[in-house]
Amino acid sequence: MKKKWAERIGFFLLSSAAVLVLFFLGIIIWDIFSKGVGVISWQFLTQAPREGMTEGGIFPAILGTFLVSLITVLFAVPLGMFAAIYLNEYALPGRTTRLIRLAIRNLSGVPSIVYGLFGVVLFVQMMKLGTSVLSAGLTLGLLTLPWTITASEEALKTVPKSYREGALALGATKWYAIRTNVLPYAIPGMLTGVILGLARAAGETAPILFTGAAFFLPHLPKSIFDQFMALPYHLYILATQHHDIAKVRPIAYGTALVLLCLILLLSTSAIYFRYRYRQRMRS
Amino acid sequence: MNSSVMNGKKIKMSTRELNFFYGKTPALKNISMEIPEKCVTALIGPSGCGKTTFLRCLNRMNDTIEGIRVQGEILLDDENIYHPEVDPVQVRKRVGMVFQKSNPFPKTIFENVAYGLRISGGYTKAQITDRVEKSLMGAALWDEVSDRLQESAMALSGGQQQRLCIARALAVEPEVILMDEPASALDPIATQKIEELIQILKKNYTIIIVTHNMQQAARVSDYTGFFYLGELIEVDRTDKIFTNPGKKRTEDYVTGRFG
Chain G
618 MKKKWAERIG
628 FFLLSSAAVL
638 VLFFLGIIIW
648 DIFSKGVGVI
658 SWQFLTQAPR
668 EGMTEGGIFP
678 AILGTFLVSL
688 ITVLFAVPLG
698 MFAAIYLNEY
708 ALPGRTTRLI
718 RLAIRNLSGV
728 PSIVYGLFGV
738 VLFVQMMKLG
748 TSVLSAGLTL
758 GLLTLPWTIT
768 ASEEALKTVP
778 KSYREGALAL
788 GATKWYAIRT
798 NVLPYAIPGM
808 LTGVILGLAR
818 AAGETAPILF
828 TGAAFFLPHL
838 PKSIFDQFMA
848 LPYHLYILAT
858 QHHDIAKVRP
868 IAYGTALVLL
878 CLILLLSTSA
888 IYFRYRYRQR
898 MRS
Chain F
813 MNSSVMNGKK
823 IKMSTRELNF
833 FYGKTPALKN
843 ISMEIPEKCV
853 TALIGPSGCG
863 KTTFLRCLNR
873 MNDTIEGIRV
883 QGEILLDDEN
893 IYHPEVDPVQ
903 VRKRVGMVFQ
913 KSNPFPKTIF
923 ENVAYGLRIS
933 GGYTKAQITD
943 RVEKSLMGAA
953 LWDEVSDRLQ
963 ESAMALSGGQ
973 QQRLCIARAL
983 AVEPEVILMD
993 EPASALDPIA
1003 TQKIEELIQI
1013 LKKNYTIIIV
1023 THNMQQAARV
1033 SDYTGFFYLG
1043 ELIEVDRTDK
1053 IFTNPGKKRT
1063 EDYVTGRFG
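Note that the protein sequences, when read in sequence, are chains G and F. Note that this note's numbering has the first sequence beginning at 618, numbered continuously upward. Note that this note's numbering has the second sequence beginning at 813, numbered continuously upward.
Isolated chain G (complex conformation) (with noise of 0.2 Å):
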């Protein structure tokens, strides 16, 4: 009977953490959703902001988010993925390859506002692409490798052995083999990872902030050599930057709601992939 009680316990105890973690997300959602929902609208969506940011859209965040974001992508996609196969098919064990995975490990944890300075040191001042959707892209690119490398080298590892001794048996080579019968099957989970690095960065505020976001702009960028606004930075002005905060207070919930919407996209498509993937593997 007493065994009985401390299972019980026990179990409440596990399923009231769950359900705790799921109570924090659905207020956050549902708080900002519905404090930002009455704002978004056509016009909110596709306009810039007016009367010193407290009319008007967001389209221009919205446009600088997804700028940099392709600048992450291509940057990151193929550096990422190209590391991943370096060092699943062709890195030999060893004090060197070791030392690349502490190093892509550790990575992940350095925290954001430092890759912000580095990408400030970096991009802006050494390479001189001044403040601009380039080196913001860059920087987040540095930011999302760790998770692109690692979702890389775990979706080559699904890729059974046999594909690629079947391949090389017949006299491929071994990149002719890694080329056409490991990386189609292994693409689709690489993308899962990159999708999920990329709602990682596209949230992110510290390393876009000394490399290329603007607190405003009349225009919207013209090159990837312009600074630009996204939506993140846009998000922090207007909660607490702003010089009247009380009257913005809509509309940052309603930029809130649109980045958390568009970071909710990536994910869902990100589980997506990986769901027809899986599928198509079974098959």
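Okay, derived cross-link-like pairs now, DSBU-like style, lysine-lysine, Cα gap no bigger than 30 Å in a straight line:
1. F:K850 / F:K946
2. G:K774 / F:K913
3. G:K791 / F:K946
4. F:K919 / G:K778
5. F:K841 / G:K778
6. G:K839 / G:K745
7. F:K1014 / G:K778
One side of the interface only, derived from the structure: several residues of chain G facing chain F at Cβ under 10 Å:
8. L709
9. P710
10. P777
11. S779
12. R781
13. G788
14. A789
15. K791
16. A794
17. N798
18. P801
19. Y802
Calculated from the structure, these hints are not laboratory results. All C-beta atoms in this analysis are idealised placements derived from N, C-alpha and C, irrespective of residue type, glycine included.
We have chain G; now place chain F onto it with these hints.
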């Protein structure tokens, strides 16, 4: 093996004092063996005796494993395939391989067979179609799949998958086909089909088959080599190995006294 055993048959492959190491552990010791052309040579022996390692030396598949070392020579038509200037990729085009566990690629049946042809390229579409058909016929699979070449190879039964892997190997027109326990995961009927197929294939190909199943070795092979603890104990005509082996240890093994 002395040439009297071979009855004057042409030797397709031979190894000379082959030693093989995983790191520092020797896996093959001083193996000298001749493989006659267009015959079936079976390699038998208890688990871990080195027969699979030996087989994978013959098309340099072991090259993909780290920390291995090979000493001695393996001749394919009098050319040492371990010569530093020989490209293992070219060796594997001439010496095909069928694995223990059938490993169709998750592509269509057609693309599985065409895979090897696409590697070297230079074939027209008609040539590829033609070769795929011939290879599937050669592997006795054509009648079962001719109407569904565009379906996934993963939907085939185990036995069909293994014959597909044989067809895939045939498509690149190898001279030698290595088979690593090709029927060990199959049911008796599928096994019988593979064995019948081997009898047909040996008219055109040199076949070397590793098997755990001694009845299978007795049924399908012309010559049998017995491996034990990394050594080639004996190799001779199959009927002789199974009825009147020259070494006591071979006799113990084939009569089931150990193994």
